[in-house]
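Colleague: Spelled out, the chains give:
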Amino acid sequence: MAFLLRKQWALYSVTPLYKFSYANMKEYSRHLSAFVAAEKQKGLAMVVGIDLSIKVIFSTLLGLKGTDRDQAAILVQIASKTQTISGKEEEKVVWSGWFCCVFGDELLENVPEDFICLPLFLANGAETYTAIIGTWFQKTFDCCFSRLTISPLNLAWMAAMWTGYKVDSHAVATELIFSVPCIPQRLDISYAIHPEDAQALWDTVQNTQGEVTQEEVDLFMDCLYSHFHRHFKIHLSATRLVKVSTSIASVHSDGNLKILQSKYLIGVLMLLTELAILQIQ
Amino acid sequence: MFTTNRDAGSPLSWSRPIPESVARMRGAWRGVQDHVPLRRNRVLQKHLATAESVALQSGLPPDALGELLNVALSGKHADAVNTRLLKCLIPASVVPGCSVVSAVSWLCVGKCSSSTELLFLRWLIAMFDFIDHKEQLYALYGFFFFFLQDEKLCPYICHILYLLTRRESVKPFRVRKLLDLQAKMGMQPHLQALLSLYKLFYPALVSITLPAKMKTYFKNSESLWKAAINGVRQRNQRTSPVSQQLILGPTRLQSRKRKWNTQLILPASSSSTSNTTVSKEVSHVDIFSPTESFPLEKLCTFSQLLQNIHCLEFPSRMSSVLRNPLLLHYINCIKDESIYLRLNYWMGQALQEECIWCKVDNQLYEEDFKDFLDTVYKAECFLQEGISSCEEFLYKSLPLWDGSCCRLQVLRLVSWIPLNSFSEVKPYLCEPLAQLFFTSSLYFKCSVLESLKELLQNWLNWHVMQLDMESNSEISPLNTTLSGLVNCVAELIHFVGQLCAVALRLESNATFLLHFILDFYETVCDIYLKYNLPLLVLPPAGVFYPALLSMDSVILNQLCYIIYRYRTNLVAAKESELVKKAILQFKFSSQTYQEYNQYIMVMVGCLWTSSAFQKDIHPQGICLDTEVLEKTRVQEFRNSFNIVYHPALTGYAILFLEQAWPHDKTLDFSLIKGKKWNWYLEYLYTQGLEGLKFFIESSISRVSQTPKAKKGSVHI
Chain V
1 MAFLLRKQWA LYSVTPLYKF SYANMKEYSR HLSAFVAAEK QKGLAMVVGI DLSIKVIFST
61 LLGLKGTDRD QAAILVQIAS KTQTISGKEE EKVVWSGWFC CVFGDELLEN VPEDFICLPL
121 FLANGAETYT AIIGTWFQKT FDCCFSRLTI SPLNLAWMAA MWTGYKVDSH AVATELIFSV
181 PCIPQRLDIS YAIHPEDAQA LWDTVQNTQG EVTQEEVDLF MDCLYSHFHR HFKIHLSATR
241 LVKVSTSIAS VHSDGNLKIL QSKYLIGVLM LLTELAILQI Q
Chain Z
282 MFTTNRDAGS PLSWSRPIPE SVARMRGAWR GVQDHVPLRR NRVLQKHLAT AESVALQSGL
342 PPDALGELLN VALSGKHADA VNTRLLKCLI PASVVPGCSV VSAVSWLCVG KCSSSTELLF
402 LRWLIAMFDF IDHKEQLYAL YGFFFFFLQD EKLCPYICHI LYLLTRRESV KPFRVRKLLD
462 LQAKMGMQPH LQALLSLYKL FYPALVSITL PAKMKTYFKN SESLWKAAIN GVRQRNQRTS
522 PVSQQLILGP TRLQSRKRKW NTQLILPASS SSTSNTTVSK EVSHVDIFSP TESFPLEKLC
582 TFSQLLQNIH CLEFPSRMSS VLRNPLLLHY INCIKDESIY LRLNYWMGQA LQEECIWCKV
642 DNQLYEEDFK DFLDTVYKAE CFLQEGISSC EEFLYKSLPL WDGSCCRLQV LRLVSWIPLN
702 SFSEVKPYLC EPLAQLFFTS SLYFKCSVLE SLKELLQNWL NWHVMQLDME SNSEISPLNT
762 TLSGLVNCVA ELIHFVGQLC AVALRLESNA TFLLHFILDF YETVCDIYLK YNLPLLVLPP
822 AGVFYPALLS MDSVILNQLC YIIYRYRTNL VAAKESELVK KAILQFKFSS QTYQEYNQYI
882 MVMVGCLWTS SAFQKDIHPQ GICLDTEVLE KTRVQEFRNS FNIVYHPALT GYAILFLEQA
942 WPHDKTLDFS LIKGKKWNWY LEYLYTQGLE GLKFFIESSI SRVSQTPKAK KGSVHI
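Top line first, the protein sequences correspond to chains V and Z. Position 38, counted from 1, in the first sequence is what the numbering used here calls 38; the numbers after and before it change by one each time, with no gaps. Position 627, counted from 1, in the second sequence is what the numbering used here calls 908; the numbers after and before it change by one each time, with no gaps.
Isolated chain Z (complex conformation) (with noise of 0.2 Å):
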């Protein structure tokens, strides 16, 4: 209790260096010498100076002004150097709650002078707001009381409990003393302060009637630092602003004004009220009424939701749930219409009263509103569903989004949009997003893709869950629906296909953009494998040859994997097609099939036969004549595109040869050929190439192996 605990100064003290002053003051008082009048005691002048001068100009750092509240009030000085002290305690950012209770000890010890102890109480009361942690001065409310009883303190005593008293420091005894005190003193405005304070927490323990309306109950003990405050939070402000809303104290939220229906303001969740109190005039009646139904206040842990499940009501706010994932868990479970028409009806509006693009005023609270979205789409997350008023805002409101304030969150939630007719959504959906999305950065163009892709995803997922849903309940899944589904999903494949081809050309076929590009492109191929829906839609050759001539080989080797797995896909589907007895409904139509062969082999002519240029049948495709070809100047253009050639795939070729060959300088890549091209081969695996081992394993069938009969295989 006797001494500082320096770790209790704010962070915030540290961040600006401490003036060497300080420093040099604080290491100085230690070895000042006791009670050695002021006059005749340069050394303790000068160290007050500048003790005075810091603490004007900038505040006194947490520690520094424990430590000279110590000193003041141990009694070690004389009066007039306390005083001057006291007055120069200024805080830069916080008074540290620990050192006001050592003050508090130094107080009971009785050393200093009575007139010090008041300057001390009326500069707590002037600190009082800058104190943190102020638990621990609630707990010396009883310390503080027991100074009523000195005269000379009282009415400063009394203002200081006023700021301390909590409803559960109104205690019996503390009436009776204070009535006690009274009636000796005569009705002093401190004391009827303190009992009408009391009297609102306890009517009951306060029988006295206390007059009406009383403008001012205590005198201003502030104006000896006022000015002194104002000054320091003046130059602080200038200097740094984060120091400055520490002093402000109150939270970003809770100082700014905001009308008083404002539903940004999640509640924390509580039991409903008004069922309760109707409850009561019933229940003396009811004695064999079922359980209580447990209060939500109490619901912390996943084993207590379990053992009160039966028993648990909602929340009188149906918006207290989505901070609370107990909470989201139940309603999950529980299949009552009136709890999403409750959130529904109350996210309707929130999201359209606080949408920061829709009502110019909302603009300052930019900060609130992605937050809120942001808690919107992890309970959507956790739900593994979308809200259908969040979708509906969605539909209301991006025709209006100009593509920047809270876009993470914005493309975020629009991945749980459902499933629904996709003609509908359109024009809502994906005209708006499609106009943004021609006209902004690459970085939009990615993101877009990237929650373009989550929305497939969510929906495959979805599909799936239904399918199991289905399967157990033993109802035969209907045609039709599948077929909607299997045209939605279609749909938005083809509109994303269309926007990727589109934004390839306007971004020179940025790697950034493929990479992204591919990655949709990975979930699409494998549809009818992984989520079991009978689809297949092959990426638009705009797609296509770009990545194919990409110049960057983690995209060749994406590419590489896609159409490896299109080809397992085609070959399952057509697989199951010849097994099963059953008619399919489904099987993917013959230009599905055709496609692929084009695409395949101008991939094989690309990277193996060098003769992609030559053959490429696809209508958009690289085909060139041989006039052409000559004029390029490129020697034997016959044999020269493919894996070693190819502009992606060069680097290695360049480090394969290095390696086989350390001491030929010259790079002659036609050395590669025969058994070093399997080498090479090998070489490129080991490199990561995963994608190329796939594609070259499963599509091209060569003469020194056994040929197998496959669908767009190329015999060599």
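This is chain V alone, in the form it adopts within the complex (with noise of 0.2 Å):
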């Protein structure tokens, strides 16, 4: 599991996937294989070199679970043998891409047997691979990409919940990237807060323990709001928060996620896997 943490992943939600089975991953590893290797080729008429030697592995996650019911996640990554300079060939992973569905009840509810539900597919890599591997997908498996979107709301509640997390090991400062319109070019706020300070805010505001609501949600930002208005006079409420990082994960709005701590994995994506579900129905 710690290859997920500490990558830049870009968020996708996926429709379900239609007669996808974990018994024929070996099969689709050798199409994928063969696909990726053929679309490299496509359009490099002029410059014929020579085999990549790519390979594509499918593999299960376990664990990214939240509830039985829940499909088991999927991992795809893509390995390129390189010849080393002791003449060893070495396989070295260049693109990597899991499939995953967390506390993802609503979706499941109404789906028939033919479809696997995994609402959320994060990759890291070249886009050129995401595309190919992507295109494949939806071609064999009639579903559809789209980037995952996250508004200000959802990264708000994103920043409240992962301050109220506790963490063991040293912990990194809270930032909150604004964004704000103007001309000639955008102007970025980023708002660092201590984590100690971010916690005791936090844990002033929530009332019942495991439960968050909205009113909290909204009460914490607007303490923070008020806390930078009183020193730059600026109202942050009125600028656009594009991206939060927070000791357990960064997120910024385009659809980018980087994991920091394994311990909330799960928490991080059950949320994630909601966002999801909203963009597909």
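Hints listed in this document are in silico derivations from the structure and should not be mistaken for laboratory results. Just to be clear, a hint being listed does not mean it is correct.
As the list claims (entries may be wrong) - Pairs of lysine-lysine, DSSO-like flavour, derived with a Cα cap of 30 Å:
| id | chain 1 | residue 1 | chain 2 | residue 2 |
| --- | --- | --- | --- | --- |
| 1 | V | K40 | Z | K415 |
| 2 | V | K26 | Z | K480 |
| 3 | Z | K640 | V | K258 |
| 4 | Z | K452 | V | K40 |
| 5 | Z | K480 | V | K81 |
| 6 | V | K19 | Z | K579 |
| 7 | Z | K659 | V | K19 |
| 8 | Z | K540 | V | K26 |
| 9 | Z | K500 | V | K40 |
| 10 | V | K7 | Z | K540 |
| 11 | Z | K540 | V | K19 |
| 12 | Z | K540 | V | K139 |
| 13 | V | K139 | Z | K579 |
| 14 | Z | K540 | V | K258 |
| 15 | Z | K540 | V | K40 |
| 16 | V | K7 | Z | K640 |
| 17 | Z | K480 | V | K55 |
| 18 | V | K65 | V | K139 |
| 19 | V | K243 | Z | K540 |
| 20 | V | K40 | Z | K480 |
| 21 | Z | K677 | V | K243 |
| 22 | Z | K540 | V | K55 |
| 23 | Z | K480 | V | K88 |
| 24 | V | K243 | Z | K640 |
| 25 | V | K139 | Z | K659 |
| 26 | V | K139 | Z | K677 |
| 27 | V | K92 | Z | K480 |
| 28 | Z | K480 | V | K139 |
| 29 | V | K139 | Z | K616 |
| 30 | Z | K974 | Z | K956 |
| 31 | Z | K651 | V | K139 |
| 32 | Z | K640 | V | K139 |
| 33 | Z | K540 | V | K92 |
| 34 | Z | K540 | V | K81 |
| 35 | V | K19 | Z | K616 |
Join these two chains into a complex; the hints should help.
Modeller: Spelled out as structure tokens, the structure:
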């Protein structure tokens, strides 16, 4: 699970996959390897290079489930063989992507058996590879990928909830980035809060443990805004929140995620799965 | 083969008038003497100069190009002439494929010098992208291959073959030939390029190892013409943007960079591959497996569909059914939930992601989105039902819609919204539409009314189909669902009635608007008899009175027809109520009858008895006090408003008077009475006022005829 951490993941929402079978993953690996090789050579007629020896590996990720009804997460990796100086062949992972579903009950309710519901897709690596893999999945399993964008409202939720998580090791400052549309250039305001202060604030705001309401999130953000205003006379509530970084994870509204702690991975994925499901329906 | 096909020119080349110089030039070339040294032949020099100037200015039209190409390669003139000619062969739009074919035939004859041949090959490479109808060129692959033997031409021939090679061009004998050449000439980069391309298609045939990445295989042949082509292109861009598109070649959709996951490009139907690969492993065991599924790529005709309907597979991407009517038939027959789920998932995402008024980035792709909405609408019309993801898209996006982009498409899609509980649908559908309706132009209002009329018709048709299905399966219709249906339809009609009444005020009773409104009510009036739904809703006073008092005879005629149909429906309902022993769940309330009677009294008053203004008892009617009527200073106001004096029909009255009393110059309307009144009525009927005819014959019984006791009839 460690390889999921500290990597920049691009987020997508995926409609249910039709007739995907966990038993045929070897077949899929083979097909996809051939597809990737063919796509890579297309458009390079003038420069016919060596075989890049691309291999695609399918595997399941255990432990990334919310309830038992959630489908098992699938990991797809593209590995390329390169020759090291000593003449040995080394396999290096150049791209990875994984599908998962954490607490996706809303989506799973009325779906017949032919469909596998894994609404959240995370990709790390070159965009060209993402395009190729995504095209193959769309063609083979009749699904649709769309970029998962996160609204400022949801980002505020994430900021509040993740601040509330207790972190044992060295905590990183909670940073919020706000974007202000300005002429001639866009202005970005970065607001960093000491992690212990942020946690203390959240503890005072939150009433019931384990439950978070919209009012609590709003109150939390309002406190932060008013503090900023007192010092800088800028109303952050009029700007647009675009990025949230906490010690748990950092997420950008364009749909980019970086997970820093494995302890609360399920919680992070749960929120994102919910957003992905909202985008599909 | 030796004459250019004149018709091969693209139509665009004629969109601009051919410069006179070109026409003169072409004619001139035919008469030029052969083999006269250039410096002595003034005529030839002049023609060459003309050709060059025309070419550099705006490029040569296709047939001029073909002719000059023939001249250059026919060997009639000296090398210098041919070189200059080839250098000025800049196309204005396209290079016709057949002129290239005839040029190649000149090459085979070998009349021109080898340097000219070389220059021609370089020209061909430079102009490759401008050649249209390349199929003929592909057919000449073998001819080009033959020229590989010539050492001087070999590099350029390799380049041309590289551009022309397709999978079917790779043959073992060609590979052997290339390898032989390589053995003779050594490893040349151009031969390498061709071999590696062959290897890409058939790796088994080319067994030699080729070196890794090479940046450039071929020398640049374009340079001689590049500047001229760019110049011509720039100049043409300024004059006609249409021809610009043709020069660039690729279609609009391809030339713009789209995201890889854009859903608007609908794939062609192809069978899914995932199932076939899995079954391969078990097929050798399963000898008695049922017949193989019919491959979708072969499905072309309806009879094929019927023959293979039991073994057809669904396509790998459900989105491809939208453009394929045969597959739409198929999914109509098969009741499989996963089909609809797949289609709905895809369509929901496609509509959401590509909606141009919800996402700012998509505004560039308005045409594509319009095409997409058109495709969805056509599929819905074909299936005769709405698609649920489309309905949800409308609910989500109508509140954000500005009413102008994709207006036609969106309003058409509204008409396929399935019958649901109307009160749930109201905030998503009715409120945004009403907001746009009241603040928009007359034409928008009419479009909305038309789409709401079609929505009503689709609901009613659906109801009729349900009744048919229920009667076939012998299940008695549930009264609860019927009442729900009646309520929904009634709510829609009331909503539209409100819209109409306000719209008429806003548009000052515009005739155009009234026409659309009465079209709607023409559907409404016959609901009971035509669609077997026990519902009758009369138009509101805000619609009835403007129609009755409109200045247009077509509107009046339509209103008469509608009122006549209402009467027929009411009478039929009353009769079935009296005749049928069974207790009917529904019967029209007495209030409906009362309202109808009020309307009919006003109408008869307006058209027959001139008593509308005195006797109208409708609360929102046109009753006026006698004092007010006297103030109008209309003499004999008690007799002065009927089918003779009604403003909509006055024109007909005048025409009638002119025919009946041709010598009488004064237009005395009071002449139309007694027998002349009947003639006037007949005259009106012949003028196409059928609705008026139905109304008068059904609702007005005259003393001269046998009186028939009917509800709402008036005796004279």
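Colleague: Please go over all the hints and tell whether each is borne out by the structure.
Modeller: Each hint, compared with the structure:
The suggested pairing of K40/V with K415/Z holds, with an alpha-carbon distance near 27 Å, which does not exceed 30 Å. Between K26/V and K480/Z, the direct Cα distance comes to roughly 28 Å. Compliance with the 30 Å bound is thereby established for this hinted pair. Taking the CA atoms of K640/Z and K258/V, the gap is near 26 Å; set against the 30 Å cutoff, the hint holds. Proximity of K452/Z to K40/V is assessed by CA-CA distance (about 25 Å); at most 30 Å being required, the pair is judged to hold.
This hinted pair checks out: K480/Z and K81/V have alpha carbons roughly 22 Å apart, not beyond 30 Å. About 24 Å separates the Cα atoms of K19/V and K579/Z, which keeps this hinted pair within 30 Å; it holds. Restraint check: the Cα-Cα separation between K659/Z and K19/V comes to about 29 Å, which is no more than 30 Å; the hinted pair holds. With a C-alpha separation of about 29 Å, the suggested pairing of K540/Z with K26/V holds against the 30 Å cut-off.
For the given pair, K500/Z sits about 25 Å from K40/V by alpha-carbon distance, which is consistent with the 30 Å threshold. Taking the CA atoms of K7/V and K540/Z, the gap is near 23 Å; set against the 30 Å cutoff, the hint holds. Between K540/Z and K19/V, the direct Cα distance comes to roughly 25 Å. Compliance with the 30 Å bound is thereby established for this hinted pair. Simply put, K540/Z and K139/V have alpha-carbon atoms about 15 Å apart, close enough for the 30 Å limit, and the pair holds.
Of the pairs offered as hints, the one joining K139/V and K579/Z holds, with about 19 Å between alpha carbons and a cut-off of 30 Å not exceeded. Annotation: proposed proximity of K540/Z to K258/V holds, straight-line Cα distance about 23 Å (limit 30 Å). Distance hint between K540/Z and K40/V is fulfilled; the C-alpha atoms sit about 17 Å from each other, no more than 30 Å. Under the criterion of a C-alpha separation no larger than 30 Å, the hint pairing K7/V with K640/Z is consistent with the structure, at around 29 Å.
Distance restraint check for K480/Z and K55/V: the Cα-Cα separation of roughly 21 Å lies within the 30 Å cut-off, and the hinted pair is therefore satisfied. Proposed proximity of K65/V and K139/V is supported: the alpha carbons are some 26 Å apart, at most 30 Å. Distance hint between K243/V and K540/Z is fulfilled; the C-alpha atoms sit about 24 Å from each other, no more than 30 Å. Between K40/V and K480/Z the alpha-carbon distance is near 16 Å, which keeps this suggested pair within the 30 Å criterion.
Distance hint between K677/Z and K243/V is fulfilled; the C-alpha atoms sit about 27 Å from each other, no more than 30 Å. Taken as a hint, the K540/Z and K55/V pair is honoured in the structure, with Cα atoms around 25 Å apart against an allowance of 30 Å. For the hint pairing K480/Z with K88/V, the CA-to-CA distance comes to about 27 Å; that is within 30 Å, so the pair holds. With a CA separation close to 20 Å, the supplied pair K243/V and K640/Z stays within the 30 Å bound.
The straight-line distance between the Cα atoms of K139/V and K659/Z is roughly 24 Å, inside the 30 Å bound, and the hint therefore holds. Note on K139/V and K677/Z: the hinted pairing holds, with a Cα-Cα distance of about 28 Å set against a maximum of 30 Å. For the proposed pair K92/V and K480/Z, the alpha carbon gap of about 27 Å is at most 30 Å, so the pair holds. Pair hint K480/Z plus K139/V holds up; C-alpha atoms about 27 Å apart against a cutoff of 30 Å.
Distance hint between K139/V and K616/Z is fulfilled; the C-alpha atoms sit about 23 Å from each other, no more than 30 Å. For the suggested pair K974/Z and K956/Z, the alpha carbons sit about 17 Å apart, so the restraint of at most 30 Å is met. For the given pair, K651/Z sits about 24 Å from K139/V by alpha-carbon distance, which is consistent with the 30 Å threshold. With a C-alpha separation of about 25 Å, the suggested pairing of K640/Z with K139/V holds against the 30 Å cut-off.
Proximity of K540/Z to K92/V is assessed by CA-CA distance (about 27 Å); at most 30 Å being required, the pair is judged to hold. Note on K540/Z and K81/V: the hinted pairing holds, with a Cα-Cα distance of about 29 Å set against a maximum of 30 Å. Proximity of K19/V to K616/Z is assessed by CA-CA distance (about 18 Å); at most 30 Å being required, the pair is judged to hold.
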